[in-house]
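Put chain E on the given structure of chain C with help from the hints.
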Amino acid sequence: MNFKKILPQLLTLVVVILVFGFFSYNAQVNMENRGITFGYGFLSQESSFDVQFSLIEYDGSHSYFRAYLVGLLNTILVSVIGIIFATIIGVIVGIARLSNNYLIERTAAIYVEFFRNIPLLLQIFFWYFAALRALPLPEKAEPMFGVFFLTIKGFFIPAFVWNNLDIFIYSIIAAIIAIVFVKIYAKKKQENQGIQTPVLLISIGLLIILPLLSFLLGGVNASIEIPVIEQLSQTSFTYKGGLKLPPELISLALALSLYTATFIAECVRAGVQGVSKGQKEAAASIGLTPNQVLKLVVMPQALRIIIPPTTNQYLNLTKNSSLAAAIAYPDLVLVFAGTALMQTGRAIEIVSITMLTYLTLSITISIFMNWYNKKIAIKEK
Amino acid sequence: MFKLVKRLTSVVAMFAVLFTFTTETMAAKKSKTLKNTQKKGFVRCGVSQGLPGFSNADAAGNWTGVDVDVCRAVAAAVLGDASKVKFTPLSAKERFTALTSNEIDILSRNTTWTLSRDADIGLTFVGVNFYDGQGFMVRKNSGISSVNDFKAGVSACTNLGTTTELNMRDFFNSKGIKYEPVTFEKADEVVAAYDAGRCDTYTTDKSGLAAQRIKLSNPDDHMVLPETISKEPLGPVVRQGDSVWEDIVRWSLNTMIEAEEYGVTSANADMMKTSDNPAVKRLVGAEGELGAALGLDNEWSLRIIKQVGNYGESYKRNIADTGILPDRGPNELWTKGGILYVPPAR
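Protein sequence lines correspond, in order, to chains C and E. Going by this note's numbering, the first sequence wraps up at 381, each residue one higher than the last. Going by this note's numbering, the second sequence wraps up at 346, each residue one higher than the last.
Just chain C, same shape as in the assembly:
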């Protein structure tokens, strides 16, 4: 009986191993025949190419591995920005679609139908070249609040120059830990005495006060560096100082969030509509305000429906960010599976690393979302 159970699994395992073995053997033989060597040693070699935008210090004298990190961090950056904005837009549009106001409901519906039915690559091109057409040259840019400059060469914003940055970061971590304790305390208090504590207000207060203390007592100080225009030639200009966000990043993040937000909006709508009307009516009948109905009754139940499909959208957004290569945003695919692959010719090694990296990113997101899903799921008692 036991053996019969294991046999199909064993057979599948053998088949899988055979298939993989065949392919790797085949690759090995073919590579040998064509004089291609295999190995990951190239990762420590000098990359000798530069990248336009990087979160860590990098230039061509660093290694290919460092170039890989640059690409990976840029991919994570655009994915995080995309996920945050897609969620915000998605939730707003999703709720707008449930509005009783005809105009708001129709506008949201048109937005969803329009953006989710156009291929993403086209949208990315559209936003990028629209940005290139619409944005002014650096010398013609109108400053926003006197210090932000949105130009065709990038969005130049003031940057902080820090002293004792580490103490400032510790103060934020301390604030977060304190908030967790406040939350636990508030929950206990509610369970024991039925008294609600304004957790949100206290949290915001903590997040402001502790870092402020680090400025007053911890010796932290920051000065602001404002971008200054600089002439490159008779007709071309750029900005020096401050922080520069390349137009490629902005248009890619914009395209990704507008596209993914449509799907999230549908998830949100489905989630809210999935909570039965009786629940809302029952909540209202015991005297809860509309806000409380949404916060305490509808949302907790809707989230259970919303989270799993939204996780898929987060994963899609992360993977879709690889379309960046089309518009010169230096993400993992452009930097590592693009330039580095071309310069070294190590296709199998680099493609395998890139695939594993995306797999790891996706699994990480999905583990986190599964954890969150479990946390809000109905706990059978």
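The hints are simulated quantities; they were obtained by calculation from the structure and are not laboratory data. A portion of the hints provided could be inaccurate.
[What the hints assert, rightly or not] Calculated lysine-lysine pairs in the DSS-like style (CA-CA distance at most 25 Å, straight line): (1) LYS215/E - LYS316/E; (2) LYS186/E - LYS319/C; (3) LYS306/E - LYS40/E; (4) LYS189/C - LYS295/C; (5) LYS178/E - LYS240/C; (6) LYS240/C - LYS151/E; (7) LYS336/E - LYS316/E; (8) LYS280/C - LYS140/C; (9) LYS140/C - LYS151/E; (10) LYS306/E - LYS140/C; (11) LYS140/C - LYS178/E; (12) LYS240/C - LYS175/E.
Only chain E this time, still in chain C's reference frame:
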């Protein structure tokens, strides 16, 4: 007695094995790529996604250009018909993988010959069909008239996965200038971004700059700076390990260049059979048995010249008459002040 029979059979077996080995090496002389090409009836050729003068398709899908002509020459030599070529447009990123993974048999796609490409990744460069160098394009009204006028902070648009990226770094580093590289996967996007003002300069091979300039909204507002910052010998590439095929491609290219040197053109090739010059007679297959050495018939070179023309004709048709680079510069014959010099066909 039994022992003797056994010994005899083993000797016979040994001879049999030896014999099969010799016939196999004879067959191997007719290379695998050559055999496959003849069986398929067309040459599989990798070209660019559209670079006027080098490899460019018109609206009807007809490919023209000097890179295209190399593949046509091979088709004329091997299959007897220069039109029997299947072109595969490839991005800079895909090109080498397409060749090593057997998707194409010749890569003729303005590809720079470098040591690491030749030695490291299973490729063999067979020659040079265009001597190029990397240059910079800028706006005329910028006042930049030399690469020495670039200042720190300059942004440069270019193609992904090319030697350009490396040369650019070497160049700006040697000048001590901090620059911003903006790299796109396809040339059309590079042109569009530069045109919009995203970059101060557009850098790639000078021939490429000349060809892409036509695509800008106002070509006359832009110019190519006089300096050349690198050597870019462009030429056809084949897979490593098929030396017969390598020889066929190399000598198809060489035939075109040598034909120009001896004044043999597509128009007069047939008459040249009765030339007094033995070198010319060898070139058109009227003397010697040069084709056999490549596993081809003796008319192979004559077909190349008749169907595709010599190098000068190809250059004139594709690059000079289209207004891309009327001046041949280094791509002139060595006898006329250029550096085109090929080993003799004999």
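Does LYS178/E pair with LYS240/C here, judged by a C-alpha cut-off of 25 Å? 12 Å, holds
Holds or violated: LYS306/E with LYS140/C, Cα cutoff 25 Å? Outside the cut-off at roughly 59 Å; violated.
With the threshold set at 25 Å, check whether the alpha-carbon distance from LYS240/C to LYS151/E stays at or below it. 12 Å, holds
Restraint status (C-alpha distance of LYS140/C to LYS178/E at most 25 Å): 23 Å, holds
Could you grab the alpha-carbon distance between LYS280/C and LYS140/C and see if it respects the 25 Å cut-off? Between LYS280/C and LYS140/C the Cα gap is close to 54 Å, so the pair fails against 25 Å, i.e. violated.
Given hint LYS175/E paired with LYS240/C - CA-CA distance at most 25 Å: 19 Å, holds
Is the straight-line distance between the alpha-carbon of LYS189/C and that of LYS295/C 25 Å or less? 19 Å, holds
Is the hinted pair LYS186/E and LYS319/C satisfied, with a Cα-Cα distance of at most 25 Å? 21 Å, holds
LYS215/E paired with LYS316/E [C-alpha distance capped at 25 Å]: Within the cut-off at roughly 21 Å; holds.
Checking one constraint from the list: CA of LYS140/C to CA of LYS151/E, max 25 Å. Satisfied? Given that 25 Å is the threshold and the Cα spacing comes to 20 Å, the pair holds.
Under the criterion that the straight-line Cα-Cα distance not exceed 25 Å, is the pair LYS336/E, LYS316/E satisfied? Holds: LYS336/E and LYS316/E sit about 16 Å apart, inside 25 Å.
Next pair to validate is LYS306/E with LYS40/E; report whether the Cα-Cα distance is within 25 Å. Judged against 25 Å, a Cα distance of about 23 Å means the pair holds.
Of the numbered hints stated above, those contradicted by the structure are hints 8, 10, listed in ascending order.
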